[in-house]
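Chemist: Protein chains in written order, with the numbering used here: chain A, 16 to 489; chain B, 36 to 230.
I should point out that these hints are in silico values taken from the structure, not numbers from a laboratory.
Heads up, a few of these hints could be off.
Stated by the list, open to error - As a list, the in silico DMTMM-like pairs of lysine to aspartate or glutamate whose alpha-carbon atoms are at most 20 Å apart:
| no. | chain 1 | residue 1 | chain 2 | residue 2 |
| --- | --- | --- | --- | --- |
| 1 | B | K217 | A | E123 |
| 2 | A | K85 | B | E185 |
| 3 | A | K85 | B | E216 |
| 4 | A | K445 | B | E77 |
| 5 | A | K379 | B | E50 |
| 6 | A | K454 | B | E221 |
| 7 | B | K217 | A | E152 |
| 8 | A | K69 | A | D367 |
| 9 | A | K253 | A | E354 |
| 10 | B | K223 | A | D367 |
| 11 | B | K164 | B | E197 |
| 12 | A | K379 | B | D199 |
| 13 | A | K349 | A | D412 |
| 14 | A | K449 | B | E84 |
| 15 | B | K75 | A | E451 |
| 16 | B | K217 | A | E108 |
| 17 | A | K445 | B | E221 |
| 18 | A | K85 | B | D85 |
| 19 | B | K217 | A | D125 |
| 20 | A | K100 | B | E129 |
| 21 | A | K458 | B | E185 |
| 22 | B | K223 | A | E101 |
| 23 | B | K75 | A | E144 |
| 24 | A | K443 | B | E169 |
| 25 | A | K440 | B | E77 |
| 26 | A | K454 | B | E216 |
| 27 | A | K449 | B | D99 |
| 28 | A | K443 | B | E84 |
| 29 | A | K446 | B | D99 |
| 30 | A | K454 | A | E123 |
| 31 | A | K379 | B | D74 |
| 32 | A | K443 | B | D48 |
| 33 | A | K100 | B | E47 |
| 34 | A | K440 | B | E185 |
| 35 | B | K223 | A | E111 |
| 36 | A | K454 | A | E152 |
Unchecked claim - Here's a subset of chain A near chain B, in silico, CB distances under 8 Å, partners left out:
| no. | residue |
| --- | --- |
| 37 | F46 |
| 38 | V49 |
| 39 | T75 |
| 40 | E79 |
Beta carbons: idealized from backbone N, C-alpha and C, even for Gly.
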Amino acid sequence: LFLSYLFPFDGLLCMLLGISFTLWFTLLLIFIIVPAVFGVSFGIRRLYMKSLLKIFEWATLRMERGAREKNQQLYKPYSNGIIAKELVSLEQEIQEVRRSGIPAPEPEFDMSDIFSFCRRGVESIVDDEVTKRFTAEELESWNLLTRSNYNFHHISTRLTVLWGVGVLVRYAILLPLRVTLAFTGVGLLVVLTSLIGLLPNGWVKSSLSEKAHLMCYRICVRALTAIITYHDSENKPKNGGICVANHTSPIDVIILASDGCYAMVGQVHGGLMGVIQRAMLKACPHIWFERSEVKDRHLVAKRLSDHVADKTKLPILIFPEGTCINNTSVMMFKKGSFEIGCTVYPVAIKYDPRFGDAFWNSSKFGMVNYLLHMMSSWGVVCSVWYLPPMRREEGEDAVQFANRVKAAIARKGGLADLLWDGGLKREKVKKVFKEEQQKMYSKVLVGTAACFWAFTHCALSETILCTLLHDKSR
Amino acid sequence: MGSRASSLLREEDIEEIKKETGFSHSQITRLYSRFHSLDKGENGALSREDFQRIPELAINPLGDRIINAFFPEGEDQVNFRGFMRTLAHFRPVEDNEKNKDPNSGEPLNSRNNKLLFAFRLYDLDRDDKISRDELLQVLRMMVGVNISDEQLGSIADRTIQEADTNGDMSISFSEFIKVLEKVDVEQKMSIRFLH
C-alpha cells in the first residue's frame, strides 16, 4: 500500500527530469550549436563578460575598503618591478673605473670589479627576466577565483558568499555545459572529417572540409566561453604561407582555427589525440610527424617546403617559441620555420588575464587538468591581431628574420620582446653564455680594444645574447 | 596556479624582518612573493638548485660564490629570514635616514658591511685573509680560459703587492678597506628597491 503511493511520484519525477533534459538540450541547440554552425553570435557572451567585470570591480573595492578599515595595505603585485636596474651595461661599468685613471701599461685588476658582478647577480636573484615568464601572471584585482587571491584576510562575509555563489555557478552550471559542448565539438569533428574523407579529392571536398572544421572549432570556442576579438582580418593568412603566433596554451590553436583554416603541424600522439589527428588528416592535408622524424631537421624543413609550394594547400600554423609562455612576453623564435623562404603571416594573441589565466604551466599541470581548469574559470577573453605579411629581405638571415617577426608580434600584442630561449623553462642555460661574459671581462682586463662591442643602453643579458645568437647562426 | 604567498607571512614576522633589515612592509611582501616563486619544492626554503635555475645568475661568472653567500656555514637551505638578511646588505644607505635607531647597532647595509660581504666572496675559508690562492681562484672564475696561468699569476701578485701593507702576502680586511677607500661602495653595492 505504501509502495503504491510512491509510484505516481516516481512517474512524475521521471517526467520532470525528461522535460528538463529536453529543454536543456533545445536551449543548448538554439543558443549555442546552431549559431556555431552558421558563425553568428547572439552576443550573450559579451553581455556575460561585461557583467562579470562589474562584479570583479565591486569585489576589489570591498577588499580595499576592508583593508583600509584594518589599517593595512592590500598586497599589490609588482607590476612595476621590485627593483630599478641600471641602464649601463656591465662592460661600461667596469670600463668607467679604468677610464678615470691613467691608462696602465699592464693589465690592472681592480678589486672593485667584483662589486659590479656581485650586484648584478643579486639583482637577478630579486628580479630576472626569464623565470617570471613561466608562472602565471599576477592580477591587480580579484576575479573571484581562489587560485588568484593574495588577500585572504581582507575578505568580508559578503564577499565570501559571492565567492561561494561563484563556485556553484562555475562548477555546477558552467562546467557540465562546457564539457557537453566540448564532447559535441570533438565528436562532430571526428565523425564529419571521417565522412568527408570518403569523398574524392576536389573542390567539393576541400570546401566541405573547411566548413566542417570551422563549425567544430566554433563549438569548441563556445565550450570554453571564449570571447575573441579579431583585428585586421584583411591580413588573414593565405594559402602557400606560414602563420606564426606566440604561444600561451593549447587553446591558441582553437582560437585561430575558428576564424580560418590552417594546416596543423605536430607530433603524432596516441590515444584520443591520435584518433582526432588521423580523422583530420582524412579531410585535408595536415603535417603530423612521427617522434623519430622530429629530430631530423632537414626532413622537417622538406615537408614544410613541399606543403607551402602547393598553392592548393592551406597555410601552416606554427608556434616558433616551441613552448608555452605566460603571455607577458615573447621568447626566442626557433629559426626552422623562417628558413623556408615563403611569406610569413605573423599573428599576435593576447589574453585578458582578468577572466581566467590561460597559461598552461606544463611542468605543474597535465593537459586534462589544465582543460578542466579552463572550463571551470569564468571564461577566456582574448584579442587576436593579424599582422601584415612579411618576407625575408636581401642579406637577412633566418635568425634576423625571426627576430624581426618576433619584435613585430611583441609590439602589436603589448608583450615584452625577449631574446631568451623558451626552452629555459626546463633546461639549464648553456655554458657558452657564461664563457662570453668571461671573455668580455678578460678583454677589459688585458686591455685589447680590438673587439669592443659598442653597446647602447641595453640590459646585460639582451646585449650579450644579441651578438651571441648572431654569431651562432653563422 | 597563483600563490598564496602573502597570506603565509604573518604580521609579526614582517615586523621583525622590518626591524632587522630596514625594508618596508610592501617591499617585504613583494620579496616574499619572489622567494615563494623561486621555491619550487614549496618547503619554505631555497636550495642551491633553486638559485641556479635563474638563467641570468647561472651565466654570471661569480654566480656560485654569490649563491654561497646566502647559505649559512655548512647549511643547504636558506629560509626567508636568511634570504632577507643577505638582501639587506644591498639596500641603499640613504634609506637609513628615516629609521634612525641609535640602539640598533650597525645596520646591515652600512658601508662596512657591504665591504665585508664582498670580502667574503674572496675569502672562502673564512680566515679573514685573502691569500694569493683565493685571489687567483676568483680571478680564474672571472676570466675563464682567456688568460694564461702566468699572466693571471702576475696580476694577482701585483694586486697583493699594492694592497698588502704588513707584508704577510695576503690581504686582510683592513687592507681591503684601505684599497677601496676611494671607491663609491655605497653606490656599486646597492640595489634600488622600489617602494
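Chemist: Could you run down the list of hints and mark each one as holding or not?
Modeler: Hints, one by one, checked against the model:
1. B:K217 <-> A:E123: Roughly 16 Å separates the two Cα atoms, so the pair holds.
2. A:K85 <-> B:E185: It is violated: about 66 Å lies between the C-alpha atoms, which goes past 20 Å.
3. A:K85 <-> B:E216: violated (48 Å)
4. A:K445 <-> B:E77: violated (26 Å)
5. A:K379 <-> B:E50: violated (33 Å)
6. A:K454 <-> B:E221: Distance of about 28 Å is beyond 20 Å: violated.
7. B:K217 <-> A:E152: violated (44 Å)
8. A:K69 <-> A:D367: Holds, because 15 Å separates the two Cα atoms, which is no more than 20 Å.
9. A:K253 <-> A:E354: With a Cα-Cα distance of about 19 Å, the restraint between A:K253 and A:E354 holds, given a limit of 20 Å.
10. B:K223 <-> A:D367: violated (39 Å)
11. B:K164 <-> B:E197: Roughly 15 Å separates the two Cα atoms, so the pair holds.
12. A:K379 <-> B:D199: violated (54 Å)
13. A:K349 <-> A:D412: Holds. A:K349 to A:D412 sits at ~13 Å (cutoff 20 Å).
14. A:K449 <-> B:E84: Given pair A:K449, B:E84 holds - Cα atoms ~17 Å apart, limit 20 Å.
15. B:K75 <-> A:E451: At roughly 29 Å apart (the allowed maximum being 20 Å), A:E451 and B:K75 break the hint.
16. B:K217 <-> A:E108: holds (16 Å)
17. A:K445 <-> B:E221: violated (33 Å)
18. A:K85 <-> B:D85: violated (36 Å)
19. B:K217 <-> A:D125: holds (12 Å)
20. A:K100 <-> B:E129: OK: A:K100 and B:E129 at ~17 Å, within 20 Å.
21. A:K458 <-> B:E185: Holds, at about 17 Å.
22. B:K223 <-> A:E101: Given that 20 Å is the threshold and the Cα spacing comes to 10 Å, the pair holds.
23. B:K75 <-> A:E144: Holds: B:K75 and A:E144 sit about 17 Å apart, inside 20 Å.
24. A:K443 <-> B:E169: violated (28 Å)
25. A:K440 <-> B:E77: Judged against 20 Å, a Cα distance of about 18 Å means the pair holds.
26. A:K454 <-> B:E216: With a Cα-Cα distance of about 29 Å, the restraint between A:K454 and B:E216 is violated, given a limit of 20 Å.
27. A:K449 <-> B:D99: Holds: A:K449 and B:D99 sit about 12 Å apart, inside 20 Å.
28. A:K443 <-> B:E84: Status holds; Cα separation ~11 Å.
29. A:K446 <-> B:D99: holds (13 Å)
30. A:K454 <-> A:E123: Given that 20 Å is the threshold and the Cα spacing comes to 16 Å, the pair holds.
31. A:K379 <-> B:D74: The hint holds at about 14 Å.
32. A:K443 <-> B:D48: violated (34 Å)
33. A:K100 <-> B:E47: violated (31 Å)
34. A:K440 <-> B:E185: With Cα atoms ~40 Å apart, A:K440 and B:E185 exceed 20 Å; violated.
35. B:K223 <-> A:E111: Cα-Cα ~12 Å, so holds.
36. A:K454 <-> A:E152: violated (36 Å)
37. F46: violated (30 Å)
38. V49: violated (34 Å)
39. T75: Not OK, violated: A:T75 not within 8 Å of chain B, min 16 Å.
40. E79: A:E79 check fails; min Cβ-Cβ to chain B is 15 Å, beyond 8 Å.
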